[in-house]
Amino acid sequence: MRFTLDTMLARVVGGAVPVHDHSNHGGAMPPSPDKTTAAAAAAPKGYDTYLSDMHVGMEKMMRDMHADPPSGDPDIDFLAMMVPHHWGAVEMARLVLRDGRDPIVREIAEAILAGQQTEMQGMRGRLEALRRGDDDYPSLSGNRGP
1 MRFTLDTMLA RVVGGAVPVH DHSNHGGAMP PSPDKTTAAA AAAPKGYDTY
51 LSDMHVGMEK MMRDMHADPP SGDPDIDFLA MMVPHHWGAV EMARLVLRDG
101 RDPIVREIAE AILAGQQTEM QGMRGRLEAL RRGDDDYPSL SGNRGP
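Be aware that the sequence shown starts at 1, since it is given in this note's numbering, and climbs by one per residue.
The hints are simulated quantities; they were obtained by calculation from the structure and are not laboratory data. Source: prediction; values computed, not measured. Any given hint could turn out to be false.
As the list claims (entries may be wrong) - Using C-beta positions, here's what the derived DEER-type ranges look like: (1) D136 x P103: 37 to 47 angstroms; (2) M82 x G133: 15 to 25 angstroms; (3) A114 x E59: 20 to 30 angstroms; (4) R106 x R132: 37 to 47 angstroms; (5) T37 x G133: 47 to 57 angstroms; (6) R106 x A42: 41 to 51 angstroms; (7) P70 x E110: 30 to 40 angstroms; (8) Y137 x A42: 45 to 55 angstroms; (9) A41 x R131: 40 to 50 angstroms; (10) Q117 x P44: 24 to 34 angstroms; (11) G72 x I104: 38 to 48 angstroms; (12) R101 x P69: 35 to 45 angstroms; (13) A129 x A42: 42 to 52 angstroms.
As the list claims (entries may be wrong) - With a Cα cut of at most 20 angstroms, we get these calculated DMTMM-like pairs of lysine to aspartate or glutamate: (14) K60 x D77; (15) K45 x D99; (16) K60 x D48; (17) K60 x E91; (18) K45 x D102.
From the three backbone atoms N, C-alpha and C, an ideal C-beta is built for every residue, glycine too.
Full structure from sequences and hints, please.
Structure below.
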């Protein structure tokens with residue numbers, strides 16, 4: 001049986017999944033691989049590689065999100081930062097699929113891979129259109145618009 005990401009998360013936390021405020025993330029990064037905690041010291045073989053790869057990926061995502069100077073257009077700036085942000089989620093999902101063991105976490109990662117790649121394709125297309133000066137605003141359907 002396949003679950004949506006929201007359904008899986010609700011199942012894991014035993015109820016509704018709240019929408020989280022990510023505004024305080026700032027430059028939040030996973031701990032550097034050289035900062036060892038007791039839990040990390042007892043981690044399975046290969047964890048150091050996972051943590052190092054995660055750290056490198058997060059640094060790249062942050063650089064890529066801030067690579068373009070502000071355009072003066074909130075829509076363009078939003079999309080220009082969201083594409084690398086979503087790519088970061090794809091890379092994180094790949095790492096947990098490579099190194100993680102929990103079947104529910106792996107299923108969540110698979111859902112992220114499928115969903116984020118589709119969303120990035122749409123964001124890239126709209127970003128290109130906005131950068132060309134297109135001002136046709138298509139109507140939204142489904143749960144994301146009227």
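Hint by hint, here is what the structure shows:
The supplied range of 37 to 47 angstroms is met by D136 and P103, whose beta-carbon atoms lie about 44 angstroms from each other. Between M82 and G133 the Cβ separation comes to about 20 angstroms, which falls inside the hinted range of 15 to 25 angstroms. Roughly 25 angstroms separates the CB atoms of A114 and E59, a value that falls within the hinted 20 to 30 angstroms. Evaluation of the 37 to 47 angstroms hint for R106 and R132 yields a pass: the beta carbon distance comes to about 40 angstroms.
In this structure, T37 and G133 meet the distance hint of 47 to 57 angstroms, their C-beta atoms being roughly 51 angstroms apart. Look at R106 against A42: about 22 angstroms separates their beta carbons, and that is not inside 41 to 51 angstroms. Restraint check, P70 to E110: a C-beta distance of roughly 35 angstroms satisfies the suggested window 30 to 40 angstroms. Between Y137 and A42 the CB atoms are about 54 angstroms apart, so this pair conforms to the stated range of 45 to 55 angstroms.
Checked against the hint of 40 to 50 angstroms, the pair A41 and R131 passes, with Cβ atoms roughly 48 angstroms apart. As the Cβ distance of Q117 to P44 is approximately 29 angstroms, the hint placing it in 24 to 34 angstroms holds. Checked against the given bound of 38 to 48 angstroms, the beta carbons of G72 and I104, roughly 43 angstroms apart, stay inside it. Range check, R101 to P69: Cβ separation about 42 angstroms, and the 35 to 45 angstroms hint holds.
The supplied range of 42 to 52 angstroms is met by A129 and A42, whose beta-carbon atoms lie about 51 angstroms from each other. In summary, the hint linking K60 to D77 is supported, as the alpha carbons are separated by about 18 angstroms, within the 20 angstroms threshold. About 10 angstroms separates the Cα atoms of K45 and D99, which keeps this hinted pair within 20 angstroms; it holds. Our distance criterion of 20 angstroms between C-alpha atoms is met by K60 and D48, whose separation comes to about 18 angstroms.
This hinted pair checks out: K60 and E91 have alpha carbons roughly 10 angstroms apart, not beyond 20 angstroms. Annotation: proposed proximity of K45 to D102 holds, straight-line Cα distance about 16 angstroms (limit 20 angstroms).
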